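Undergrad: Line order of the protein sequences matches chains A and B. For the first sequence, numbering that gives the first Met the number 0 begins at 0 and goes up steadily by one. For the second sequence, numbering that gives the first Met the number 0 begins at 0 and goes up steadily by one.
Honestly, the hints are just simulated from the structure, not real lab data. The model shown is predicted, which means the values in this text are computed figures rather than measured ones. Among these hints, one or two may not hold up.
[To be verified] Here are the simulated lysine to any residue pairs, SDA-like style, with alpha carbons at most 25 Å apart: (1) A:LYS175 / B:GLN183; (2) A:LYS175 / B:PRO178; (3) B:LYS194 / A:THR94; (4) B:LYS194 / A:GLU112.
So you can see what is in the structure, the chains are spelled out below.
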Amino acid sequence: MAEITLAGLGHAYRLDPRQPSDFALQPMDFAFADGGAYALLGPSGCGKTTLLNIMSGLLRPSHGRVRFDEHDVTAKSPGERNIAQVFQFPVVYDTMSVFDNLAFPLRNRGVAEPEVRQKVEEVAAMLELGPDLRRPARRLGADAKQKISLGRGLVRADVAAILFDEPLTVIDPHLKWLLRRKLKQVHERYRRTLVYVTHDQNEALTFAEKIVVMHAGRVMQVGTPQELFERPEHRFVGWFIGSPGMNFVPLERDGHGLRIPGTDHVLPDGLVGPGAGRIELGIRPEHLRITAGPSADGVPVAVERVEDLGNYALVTAKLGSATVMAKLSEDAPVMPGQAFLRLPPAWTRLYLDDRLIH
Amino acid sequence: MDKIENNKAWFLVLPVFVIVAISAIIPLMTVVNYAFQDIFSPQDRYWVGTEWFESVLADDDLHGALIRQFVFSFVILLIEIPLGIALALAMPARGWRASLALVLMALPLLIPWNVVGTIWQVFARADIGLGGWLVNALGIPYNYTSDPVAAWLTIVVMDVWHWTPLVVLLCYAGLRAIPDAYYQAAAIDGATPWKVFRHIELPKMRGVLLIAVLLRFMDSFMIYTEPFVVTGGGPGNATTFLSIHLTKIAIGQMDLGPAAAISIIYFLIILTLSFVFYNVMTRMGTGERA
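Make a model of the complete structure from these sequences and hints.
TA: This is the structure in C-alpha cells:
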C-alpha cells in the first residue's frame, strides 16, 4: 500500500504540445492518500481514463512523475509497479477455472502453492465466489467475471492501489448496487487505495470518500460528496453534479448591489468587490422554495411547467430573463402561472468568471 | 384466429430443395449410379452390387495413394498451422507496415493454382530453375523429376508457400479481435509472453483456427492441380495423391465404375474427418473441467 503522488503530471498524445488544448491531461499536482476510496468523475473525454492508465503504467506520461510513496515509478511497467486494474469489460482467462484465475497473479510472481490456496480461498469467500471456484471462469455471468477481475487485484498483498475503469458498464442494473456494496465492503475490510473512474455521479457519490471531478483534462474540484453538492468550486462542478444540476442566474451590478435582471431582487455588492467579470448566482434546485402566495423575501416568478416525477415535483420557472429549476416536495403544490421564489441565503453561492467566490 | 392448414409452406422451401438437388444430390447420385452398376449406355447396364468397391479396396495402388494422401495432409497441417500462427503473431498490428505485410501475405493466394504449379515447376528445375540450380550449386544433389524425396519436398514447400498465408490471415484477424484490456490485465498480473499466448491469444483464436484446420485439411486432401503440373504424380507413383490416382482411373483408363467407387470412398473420408475435426475442436476446452 502506498500514497500515490502525481507531480506535475500531464499527458499529451501529440509529440510537441504547444497550447493547453494539446494536452489530454493538463499538468497537475495531486496525491491519493493511502487507503482512500477515490472516484474520478467527469464526462467522456475529460482525461480520467488517461490519468488511470498513467497510474497503472499502461501509459507513459509525457510530462511529470508518478510516485508510490518515495519510489518514482514513472518508467516502470504495470507488472513492476504493483497495481491492479479492473476494466470496463470483464477480463477473465477463458481456459482457466475461477480458482486458477484468482491464483494467476500470485503464481506468476512465484508465490508458494499453500499460500496461493489460502489467499485465493480467503478472497473468494469475501467476494462470494466460493461455490464457483472449480468452474471454468468463462461460464460465469458478467457480474461474477467482474468480481474475478477484482479478486485478482485483492489476492496480491503488495498492491499499492486497485484502479477501476468504469467497471459496472456491462453489469445489469439490478446487480450494480450489489457490486457497489461489495466494493464498499472490500474497501472497509482491506483498506486498499481504490481509484474508481466513472461518468456516473451516482456511482461516484455512493462509492467514494473523495471525488475528483475532472473536465477537459483538468481537476476541477476534489471533495466529499457533500462538499461537491453544497459548495461547488467551479460552475462545471455545480452543473455536472446533481440532477438536474445547479441553477445559474447571471447578475448585473447597479447602484445598490447585484441585481437579478428583470426583478427587484438585489444582493449586497460587498460580497464581490470591485472589478470586472461575469457574476452569476448559483443555487441547487433542491434548495429553491416556490410558493403560490407572496412572502417577505419572495421574488415573483412565472412557473412554466410542473412535472410530477414520483416522489418530487420538478418545477421550471422564469426568474426575470433566466430559467431556473426547482425540486419541490409533492405536498407543496404549485400551478403554472404567477408564484414566488425564495433563495435561502445559506444555500446561495456567487461565481465570478465560473469560480466560486462566496 | 383459426389456424390455416394447407401446404403452401412447401413452396417457400422449394427453392432450397431445387438448389441443393442440383448442386449436391443429383451429381452425387450419378456417381452412386456408376458405383453400383456397369454402364455401357443408358440401355446397356448391369447391376454389379459392391463388386467395384471390393476390387478398389483390394487395390494396392489405392492403398498407396491413400497413405501418401494422409501423410501429405498431416505434414501440411503440422507445418502450416504453427507457422501461420507464428507469422500472424510476428506481423505488425497497425500502421503502414501492417498494410504492407497483409498485401505480401495475400499475394500467393491470388495466383491461380495451375500458375502456382507452373512457377514451382520451373523454379525448382535442376537445370534452368533458379531454386533448383542454387540448391545443386550449394552441393546438395536435388532433382525432383528423379528423386522421390526431392519431389515431396518440392510439393510440400510449394503448398506451404501457397497456403500458409491463408492461415496467417485468419489468425491475424483473430488476434486483432482481442480487446486491449486482455493484454493490459495480463501485464498487470505479471504474465510472461508465453502465458499471454497460452491463456489469451490461443484460446481467443480457437474459432479461426478451427476454420483454418478444416480448410487446410480439406484442400490438402483434395490437392490435384499443383502436383499434376509439377511432377505429374511421379517419379513413379511417389506423388500420386488420391485425386491424381482417381483421375488416372477415371480419365486415363476410363474405368468409370471403380472411379465412382473411389469417389464415394474419398467423399466419405473427407466428410468423416471434417466431422471429427469440427467436433474435437469445438469441444476442446469447453468441458467443465478446466
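Undergrad: Provide an ascending list of the numbers of those earlier hints which the structure does not satisfy.
TA: none
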